[in-house]
Amino acid sequence: MMFPEGHGLHPGHAKLHDGVRFFNRDTGAFVTVHLPIFKDHAALDNPDGLLLLQRDADTAVVLLNPFTGDVAELPPLRSLLPQLYQLTPPQPRLSDEANLLAYFRTVCAAISVSPPVTGGTTIITVLVALENICPHRRPDLDAIELERQIRE
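Counting in this note's numbering, the sequence shown runs from 1 upward without gaps.
Be aware that one or more of the hints could be misleading.
[What the hints assert, rightly or not] Below, in silico cross-link-like pairs of lysine to any residue (SDA-like), each with a Cα-Cα straight-line distance of 25 Å or less:
no., residue 1, residue 2
1, Lys39, Asp58
2, Lys39, Ala109
3, Lys39, Leu64
4, Lys39, Leu74
What the hints contain is simulated information worked out from the structure, not anything from laboratory work.
All chains should be modelled from the sequences, with the hints used to inform the complete structure.
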C-alpha cells in the first residue's frame, strides 16, 4: 500500500526526490521506490500494490507496478464525460469541462489481472468508482419517507 507522507507532501513533491513510500502489510516493511512519473501524473488509487495514475496532459489512466516498472495504459477518464454530463445535475460551477475532470481525482478502483492465456494475452479489468458525482435526494421527501422507500 502506498503510504501518505503527511505535512503536505504528496507523491511527486520536490522534497521527496521522486521517492514514494510503500508499506508491505505481510512483512511490515517499508520500501521507498524512485518514481519520477509523478511529475506529470496524479495518483488516483493504490489497489493491490499497483498504482492507478491519471496523466495530467490527456487524463489517460495508467496502471503501474512500482516495483517492476510495468505499465498498462488504459482509456482516458475524459471518455466518461458524456455519462458524467447526463448524471450530474446542471450547476454553473460544473459547466466547465476542467471542473468536471476535478471529480475524477476522487476515485476508488478495483483491479483484476488474469494470467496470460493462449497467445500471451493478459486481460486487465479495472473498475473505477467515481465518488460524489451525483448525490440525488428529492427535497419533498422527508427522512421517514426516504427510509420507507429504501426498504421496499
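Checklist entry - Where does the structure disagree with the numbered hints, that is, which hint numbers, in rising order? => result Failing hints: none at all.
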